[in-house]
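**Student:** For reference, the chains in residue letters:
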Amino acid sequence: MNTLMSVRGLRKHFGDADVIKGVDLDIHEGEVVVVIGPSGSGKSTLIRCLNNLEPATAGDIVLSGSNGGRDSLARLRDEVGMVFQDYTLFPHLSILRNMTLAPMKLRGLARAEAEAQAMKLLERVGLAHKAHAYPAELSGGQQQRVAIVRALAMQPRLMLFDEPTSALDPETVNEVLQVMKELAAEGTTMVVVTHEMGFAREVADRVIFFDGGRIVECAPPAQLFSAPCEERTRQFLTHVLK
Amino acid sequence: MSFDFDYLLTQWPALLDGLWMTLQVSALSILLSLLIGVLGAGIKLFRLPGLTQLVALYVELIRNTPILVQLFFIFYGLPAVGLKLSLYWSGVLCLSLWAGAYQIENLRGGLATVDKGLREAGAALSLSSRQFFRLIAIPIAFRVSLPAMLNTAISLLKNSAYLQTIGLAELTFVAVDRIATDFRAIEMFTAICVIYLALVAVLALLAGRLEAHLQRPFQQ
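Chain order of the listed sequences is L and X.
For the first sequence, the positions run 1 to 242 when our numbering is used.
For the second sequence, the positions run 1001 to 1220 when our numbering is used.
Worth flagging that the hints you see were computed from the coordinates, not collected in a lab.
You may find that some hints are simply not true.
[As the list claims (entries may be wrong)] Below, computed lysine-lysine pairings styled on DSBU-like, alpha-carbon distance capped at 35 Å:
(1) X:1158 x L:130
(2) L:105 x X:1116
(3) L:130 x L:21
(4) L:105 x X:1084
(5) L:21 x X:1116
(6) L:130 x L:105
(7) X:1116 x L:181
(8) X:1044 x X:1116
(9) X:1084 x X:1044
(10) L:181 x L:105
(11) X:1158 x X:1044
(12) L:181 x L:130
(13) L:130 x L:120
(14) X:1084 x L:120
[Said to hold, decoys possible] Covered by chain L, according to a simulated footprint, are these stretches of chain X (three or more residues, beta-carbon under 8 Å):
(15) 1028-1036
(16) 1113-1120
(17) 1204-1217
Using N, Cα and C, we set each Cβ at its ideal position, and we do this for glycine too.
Looking at chain L on its own, in the form it has when it is part of the complex (with noise of 0.2 Å):
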């Protein structure tokens, strides 16, 4: 398995606050990791510096293919598509607007070429009749599915998910799970933070517990959920599976 992005003494402070003390991490082609772990462990604050939203104090984050220089930060950002927790469509735009924008502005697709592209990637979601609707008009799950649209059009090479579903209504929730199972299937390279234990169990190729800005734990799911090996992680999954 050819590794993507390769994570090497990772850290991050806040100020004083010690948020992210020394990652590692490979992470390879067409993998599907999830993050789990407990609130203000860090989780969030990992896969932001993943595509450097947040830049880190220390350590490296190297795609493949990147040299490591200076110019490797902008092409992580150019390269890594990210799904936040609250959907953050342009609630000026029309949808199809959203998913053209960048595309346009950044790849120098033509106004034709990034709409086709757009309708097709609506289309695989469900959504394409609603190509002309503003973000306001559509439910939470709605406008998570786009914004995972939004960001697969830009045709990232690793796509972040940072607590998805944790804003939508639970009947909402499915409609974007099911989505990202079907992007897992097709191969995209993956890493997700999340707190749907289901969904960890049942698509991730790895799942790491993090806890204190530390990767406690890292294993296939069957294993980390049935037998952890650390106490802490077993501590929290009883906490969580009960």
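Add chain X to chain L, keeping to what the hints say.
**Tutor:** Using the frame of chain L, we list chain X on its own:
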């Protein structure tokens, strides 16, 4: 002495000339003040070093001195340091700088409502700060700031009457000039009041249209 409509009819061509000048100067100054507003609010939003302090100083200077003093400074003061502007451009500069300071603050209020999450979403799509400002933040802020920006534009239009003090032949200048020879004060001031009211009404109507347009995406 009674109200003489016939007199007003004879003066109508002169008033129209004044109206045309008022319209030109005001429209141009409104556009320039919006440009100043966008630039100044952007500088403040991104806290560009040096420029931020300069913008803050400019806003304080304009807001805390009388507009008439600002006008005299530009028209009578600047030539002393070698910058001599025509009547027309002195007027435009004065009104643009005056309203620009207020438009900066109006837009800043609107920009404060733009969610931090949108900035991150823009960054995650690798939009640059400048692209985010132009394509996302400003359009969203415009909608919020529009009522305040309209107020400033209306004030600018009314303040264009100050330009008669330096001799620019706008609406109020024409009226005062004619009164000096014909002594028909009530007719002339009534006429220009009605014209100013009509101009403000048109401006408000245009802004209303624009607001409805900007509001559309936010209605469920």
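**Student:** Hints first: check each against the structure and report whether it holds.
**Tutor:** Each hint tested on the structure:
In summary, the hint linking residue 1158 (chain X) to residue 130 (chain L) is not supported, as the alpha carbons are separated by about 45 Å, beyond the 35 Å threshold. A hinted pair counts as satisfied when its Cα atoms are at most 35 Å apart, and residue 105 (chain L) with residue 1116 (chain X) qualifies at roughly 21 Å. Restraint check for residue 130 (chain L) and residue 21 (chain L): not satisfied, since their Cα atoms lie roughly 44 Å apart, outside the 35 Å limit. With a C-alpha separation of about 43 Å, the suggested pairing of residue 105 (chain L) with residue 1084 (chain X) is violated against the 35 Å cut-off.
Restraint check: the Cα-Cα separation between residue 21 (chain L) and residue 1116 (chain X) comes to about 26 Å, which is no more than 35 Å; the hinted pair holds. The hinted pair formed by residue 130 (chain L) and residue 105 (chain L) meets the criterion: a straight-line CA distance of about 22 Å does not exceed 35 Å. The suggested pairing of residue 1116 (chain X) with residue 181 (chain L) holds, with an alpha-carbon distance near 29 Å, which does not exceed 35 Å. The suggested pairing of residue 1044 (chain X) with residue 1116 (chain X) holds, with an alpha-carbon distance near 16 Å, which does not exceed 35 Å.
With a CA separation close to 31 Å, the supplied pair residue 1084 (chain X) and residue 1044 (chain X) stays within the 35 Å bound. For the suggested pair residue 181 (chain L) and residue 105 (chain L), the alpha carbons sit about 30 Å apart, so the restraint of at most 35 Å is met. Restraint check: the Cα-Cα separation between residue 1158 (chain X) and residue 1044 (chain X) comes to about 28 Å, which is no more than 35 Å; the hinted pair holds. The hinted pair formed by residue 181 (chain L) and residue 130 (chain L) meets the criterion: a straight-line CA distance of about 22 Å does not exceed 35 Å.
As the CA atoms of residue 130 (chain L) and residue 120 (chain L) are separated by approximately 13 Å, the hinted pair is consistent with the 35 Å bound. Pair hint residue 1084 (chain X) plus residue 120 (chain L) does not hold up; C-alpha atoms about 61 Å apart against a cutoff of 35 Å. Check on the stretch 1028-1036 of chain X: 0 of its residues sit with their Cβ under 8 Å from a Cβ of chain L, so the three-residue criterion for coverage is violated. Here's how the stretch 1113-1120 of chain X fares: 4 of its residues keep a CB closer than 8 Å to some CB of chain L, so the rule of at least three is met and the hint holds.
Counting residues of the stretch 1204-1217 of chain X whose CB lies closer than 8 Å to any CB of chain L gives 3, which reaches the minimum of 3, so the coverage claim holds.
Violated hints for the displayed structure, listed by number in ascending order: 1, 3, 4, 14, 15.
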